[in-house]
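Please model the entire structure based on the sequences and the hints provided.
Residue numbers (the numbering used here), protein chains in the order written: chain P, 1 to 267; chain F, 1 to 265.
These aren't lab readings, by the way, just hints derived from the structure by calculation.
Certain hints may be false.
[To be verified] Output of the computed footprint for chain F on chain P, the stretches with three or more beta carbons under 8 Å from beta carbons of chain F:
| id | region |
| --- | --- |
| 1 | 42 to 53 |
| 2 | 126 to 136 |
| 3 | 245 to 255 |
All C-beta atoms in this analysis are idealised placements derived from N, C-alpha and C, irrespective of residue type, glycine included.
Below, each chain spelled out in residue letters.
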Amino acid sequence: MTVTARLDREWQRFTPMRRLSRFAFYLFAVAALVVSLQTIDVIPEFLYDAPAQMADLFGRMWPLDPSYIKPTLKSLVETLHIATVGTVIAIVLAVPVGLLAARNVTPNPALNLFAKFIFVTSRSINSLVWALLFVAVFGPGPLAGTFAIAFRSIGFTGKLFAEALEESNRGSIEALTAAGASKLSTLVLGYWPQVRPAFWSIALFRWDINIRESAVLGLVGAGGIGVALDTALDLLYWDQVAVVLLAILVVVILAEIVVTTVRARVL
Amino acid sequence: MSDVTQPSADRSKPFAANWGARIGWCVLAVYLVYACSQLGFSAERFSAGIEHGQRFIARMFPPNFGRWELIASGIAESLQIAVIATFAGVLLSLPVGLMAARNLMPAWISWPTRGFIALCRSFHPIIVAILFVKAIGFGALAGVMALIVASIGFISKLFAEAIEEISAKQVEAVRATGAGFLSVLIMGVQPQVLPRFIGFATYQLDSNLRNSTMVGIVGGGGIGASLFTAYQRFDFDVVLAILIVIVSLIMVAEIVSGWARQVFQ
Numbered sequence: 001m002t003v004t005a006r007l008d009r010e011w012q013r014f015t016p017m018r019r020l021s022r023f024a025f026y027l028f029a030v031a032a033l034v035v036s037l038q039t040i041d042v043i044p045e046f047l048y049d050a051p052a053q054m055a056d057l058f059g060r061m062w063p064l065d066p067s068y069i070k071p072t073l074k075s076l077v078e079t080l081h082i083a084t085v086g087t088v089i090a091i092v093l094a095v096p097v098g099l100l101a102a103r104n105v106t107p108n109p110a111l112n113l114f115a116k117f118i119f120v121t122s123r124s125i126n127s128l129v130w131a132l133l134f135v136a137v138f139g140p141g142p143l144a145g146t147f148a149i150a151f152r153s154i155g156f157t158g159k160l161f162a163e164a165l166e167e168s169n170r171g172s173i174e175a176l177t178a179a180g181a182s183k184l185s186t187l188v189l190g191y192w193p194q195v196r197p198a199f200w201s202i203a204l205f206r207w208d209i210n211i212r213e214s215a216v217l218g219l220v221g222a223g224g225i226g227v228a229l230d231t232a233l234d235l236l237y238w239d240q241v242a243v244v245l246l247a248i249l250v251v252v253i254l255a256e257i258v259v260t261t262v263r264a265r266v267l
Numbered sequence: 001m002s003d004v005t006q007p008s009a010d011r012s013k014p015f016a017a018n019w020g021a022r023i024g025w026c027v028l029a030v031y032l033v034y035a036c037s038q039l040g041f042s043a044e045r046f047s048a049g050i051e052h053g054q055r056f057i058a059r060m061f062p063p064n065f066g067r068w069e070l071i072a073s074g075i076a077e078s079l080q081i082a083v084i085a086t087f088a089g090v091l092l093s094l095p096v097g098l099m100a101a102r103n104l105m106p107a108w109i110s111w112p113t114r115g116f117i118a119l120c121r122s123f124h125p126i127i128v129a130i131l132f133v134k135a136i137g138f139g140a141l142a143g144v145m146a147l148i149v150a151s152i153g154f155i156s157k158l159f160a161e162a163i164e165e166i167s168a169k170q171v172e173a174v175r176a177t178g179a180g181f182l183s184v185l186i187m188g189v190q191p192q193v194l195p196r197f198i199g200f201a202t203y204q205l206d207s208n209l210r211n212s213t214m215v216g217i218v219g220g221g222g223i224g225a226s227l228f229t230a231y232q233r234f235d236f237d238v239v240l241a242i243l244i245v246i247v248s249l250i251m252v253a254e255i256v257s258g259w260a261r262q263v264f265q
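Set out below in structure tokens:
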């Protein structure tokens, strides 16, 4: 090959196959958007008075109704209980399933797949649907909400916990096995110290998510601050709705601050 | 030196008891007992619940796909809501995320933008949907708007973090050629963040799809309305049919978005 031929060679960033796949992705995305925009059912008449409705909404929200602060705080505490107990139950249920899902702890593909199936089911069903199902089982109230939060969280916590287990270093585990440690000792003394930071960070992260999620469960009768929101909405007391929204905002921000500080101190 | 010659006290007890942690576990246990009593945990409710649960599950089977036309139109609307909300949310997140990136923007722009993003993330999409249903009426548009807000809250935050993590060398190299701000963005920043950005967008599509099946409960359009109506009419076999369709749709979407992420790795 002469020098000029080498210089003339055209350099490309991607292989033809990847370029084709990228093009297919863009085409698919644009086609989905165009089809959706053309077929979606929107009532334009509703849009004309949207600014007026929006102004009306905020006008009705102000001033806040101070008499609603007390019931709001009471249901806010219930929401915190739901989120916390729900997270704890989720972790208790997710840890054994996570052990089953981790390929290095459970070297059995059938059991791994079974555990993954549990995770996917748990994550695919929205927390509101879980709440509907548990309201049918336990009747309306925070008990249903707690179990909805717990079952919804199994997938998330379990999946991340299993991934943390799979990433753990084999050295200390082999050392323990060589010393004749039992399976339980290997788990407690070999795996646990390695996954502990990940475990706490997963638990805190999920707790933070669950506080947001448990705030809406009351809309389907599963307890918490959503019940206060639902009552106020049904009665069209927007000044009370504003109180509830403000309470949710404050508690979400506080939870985020708590999670950030605890994470910085513990991990 | 003394560390090396004299083993510290910890070495003689490799698995020493951690009293702080033990007290922490006790506090957690006491709290759990208290909280469970507040939440109405009791043996009678569990035994009654198992009975109700059995009857409930018995009524769910076999799933009733008889109203498949209703289910299909609801699912189609949920898909439309998710696709439009993701596109609009991603487009709006580009400038918002850029404005929140502290390495490209002065503090007086980035901090207010970060506050706006935090506000978007604070409320569950269902609550935002309630407000939009009041503002722009029942229907798919309210659901779209609610999910756009949720998408901005999620993608802008991750996008801003991705921009903050980029290598400054390429940006400086482009800037050294005398390029303007827009050229720096397109030539220096965009190639570094595009793969991650596509990743966020496909995750958000999955998330929006899950939520678009729910906004119907509060009047935001999509399959959620049919699901909630069937539930309130105790047509639990229809509920199961809708749930099966939703779960399979979400699984297909996860496979497709996983493929998209691979293409842009």
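For each hint, the structure was consulted:
Against chain F, the region 42 to 53 of chain P contributes 6 residues with a C-beta closer than 8 Å to a partner C-beta. That satisfies the three-residue criterion, and the hint holds. Counting residues of the region 126 to 136 of chain P whose CB lies closer than 8 Å to any CB of chain F gives 6, so the stated coverage by that chain holds, three being the minimum. Remark: the region 245 to 255 of chain P is confirmed as covered by chain F, as 5 of its residues place a Cβ nearer than 8 Å to a Cβ of that chain, reaching the required three.
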